[in-house]
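Engineer: Residue numbers (our numbering), protein chains in the order written: chain A, 366 to 637; chain B, 28 to 345.
Hints in this document: simulated from the structure, not taken from any laboratory. C-beta atoms are modelled at their ideal positions from N, C-alpha and C, and glycine is treated no differently. Mixed in with the good hints there might be a few duds.
[What the hints assert, rightly or not] Computed list of chain B residues with no C-beta within reach of chain A, every gap over 10 Å: (1) Gly55; (2) Trp75; (3) Leu84; (4) Pro173; (5) Thr241; (6) Trp244.
[To be verified] Estimated spans, in silico, between C-beta atoms of each pair: (7) A/Leu550 with B/Asp224: 48 to 58 Å; (8) B/Asp319 with A/His595: 22 to 32 Å; (9) A/Pro505 with B/Gly303: 40 to 50 Å; (10) A/Thr630 with B/Arg253: 20 to 30 Å.
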Amino acid sequence: MADETGIPEHALTRLAGLRRQGHPGGVFTSDFSVNEFLLVRKAGFEPVGLCVGSCIYHLGFQFAGWTSSVELDVLSTAMYEARALAMERMRQEAANMGADGIVGVRLTVKRLEWDSKVLEFVAIGTGIVHAKGHQGFKGPGGAPFTSALSGQDFWTLLQAGYRPLEMVMGSCVYHVARRGPISSLGSIGQNVELTNFSVALYEAREIAMERMQLEATQAGAEGVVGADLHEGSHGWSSHVIEFFAIGTAVLPIEGHAPTEIPDPTLVLSVNA
Amino acid sequence: MTSPHQDALSPAQHAERFEAWQIALDAGGLPQFVAERLAGAAAGSGAWVATMTPAELLLARTHGIRPVATVSGTCWFHYGQSWTEGHAQGWHEALARIEREARAAGANAVVDVRMRTLRHRIGASMDFTLIGTAVHIAGLAPSPHPVIATVPALEFVRLLEADIVPVGIAVGARFDWLGNPYGSSGWGGGDWTALSDIQTKLRSFQSIPIMTLTNFWEGIRREAHRDLREKVAQQGNGVLAHTHFGQLIRQERDKQPPAYLGRHIVIGTVVDAKPGAGVPHPIEMVIDMRDDTSPLRESGGVRHSAYQNDAMDEEGGI
C-alpha cells in the first residue's frame, strides 16, 4: 500500500484513524515552521521543547553633558545585562530539558506601555537534541548551544562544516553631543560634514562590534555568522542611541572537509 | 436551464434550516441537508470542492489523495470567565466541529485548514472558524477521526513523506494575577511583598532587573507552554507553534500598589511524528539568478493563522 501512494506505513495507519496508544518519546513543543522542522530533522536533530527566558528591567538614569559625546556606560551595561539574563534563563530551561542546543532564538526588547523606564527582554527558541545522542554539538562547558539561526540556516551551517556555539552580543549606548551655537552659526548656508556626529556614530558602532567580537573570541569561537547591527533609541532622548551587535559564534566541525560541500545549482525561475 | 440562485429559500425554509442547525449543534451532530451534501460529495455524486491550487492538486494526485469537499467548523464564543481560556475553548470546539463534517464526508484528513475570525466588536465575544478541504486517501477506509491539518496541501504531502502527520490544532493558554483586585485575599493578599518590591524598584534611580515581576511573567509563559504540551498529548506527539501572544497589564488600585495581569496564548499545528524517521528527500541547494522578485525568495508568511503574527489585541478582561 505504501508503494502506491509514497506515504510511509506509520502515516497511513494514522490517516486510517488508528492512534498509537501513548507516546513513548514524549511530546515536544516548538515554534518551527514546517520547513524548519523538516530541515532540523534532516540535519539529524529532534525538537524537545520551547525554551523561554525573560527579564523585566528597570532602566536607571545617567547624565550626559549637553556638549559631550560619550558612552553612557551604565546604560550599556544595563542593556547588555538584561539580555544576558534573559538568554541565561532560556539556556537554563533548555538544560533542564536535556537539550543539546537552542535554534531559532528570537531576542526581543519591548518597552512596557505603563512605564517608559521598564523594558521587557524576551529570548525564545526551540531546544533540540541530536537524534542519535551525539554529544559533540553542545555549547561551551557542556551547556546547550544557542543560535539565532533559523532551521534552514542551521541545516546549511552544518553543511558548511560549522556548528553553532553561542549567541554573542555587544551593546553600546551613546550620547551624541549637541552642537554649540557658535559652530551652528558657522555652518549656516554651507554644505559641511558634521564631523562630530559622524565620529560619534563610528565610535558607538565600533564599541558594540568590538564587544561582540571579544565575546566570541573568549567563547573559543572561530567566527561569527549572521552578525547584525541594530540601532535603537528605546524611547530615550533624541541624542541617545543604542548600537547593539548580535550574531552566532561558530566552530568548525572536526573532520569535515570543504570538498564535501556540493556546489549549488544556479537556476532562473521563469514564473516570476 | 435555471440557476440554482433563482431557487431561493422561502422564509419558512430559512427558519426550518436555522432550527435544524441549532438542534444539530446542541446534539453535537449535523443538520440533515449538510450530512446529505457531504455524503453526496463522498460518493462522488456531486462535484468536489477544494481550496487547493493546481500545483497542490498535482502533488496530491501523485500520492493518491483525492479532494472531497470543503468543510468548516465555527464557534462564536463569549468570554464570561476568561478571555485567555476562551481562546483555547473556542478553537478546540471549532476543531471538534470541523472533524464532525469531515467524518460525514468520509474523509481521512482535512488539509489547508485556515483559522479565521471576523474582527468584530460584539460584546466580549469572538468567533472561531476553521475551514479546509476534506480529502480521501486511496485504499483507506473512511476514518473515525479524520486529521485536521493546518498546513497547505503541498506541506501536507511533504510531511507525510517524512512520516509526520499534521493532526490538529492545540492552544495553550494561561493567565494570572499578581495581587488579584477581584480576589478575596483582601488588602494586598499574599502578593503584598512582591508588589511592594516592584514599587521600590520602579521608583529607584538604579538600573536593576525586577526579578519578582520577571518570575511572575515568565511563569505564565511557561505554564502556557505546559498547557500546550498537555493539549498536544491528546492528539499527537509534537507541535509547531506559529502564534504567540502575550500581554502584561498593570492595573492601578486605590491606596494599594498596582496589580499586574499577565496572559499568554500559544497556538500551533499538532503533529504525530515517528521519532528519528529522518527526511527521505535529498536537498539540493539552488541560487536563483533572477534580480527582481523571485518566487523562490518570496516569503510565504503564516497563511493559516487567524492572528497577524504576534498581534496585540487591545481587549480587556482576563
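Engineer: Which numbered hints turn out to be false for this structure?
Structural biologist: Failing hints, ascending: 4, 5, 6, 9 and 10.
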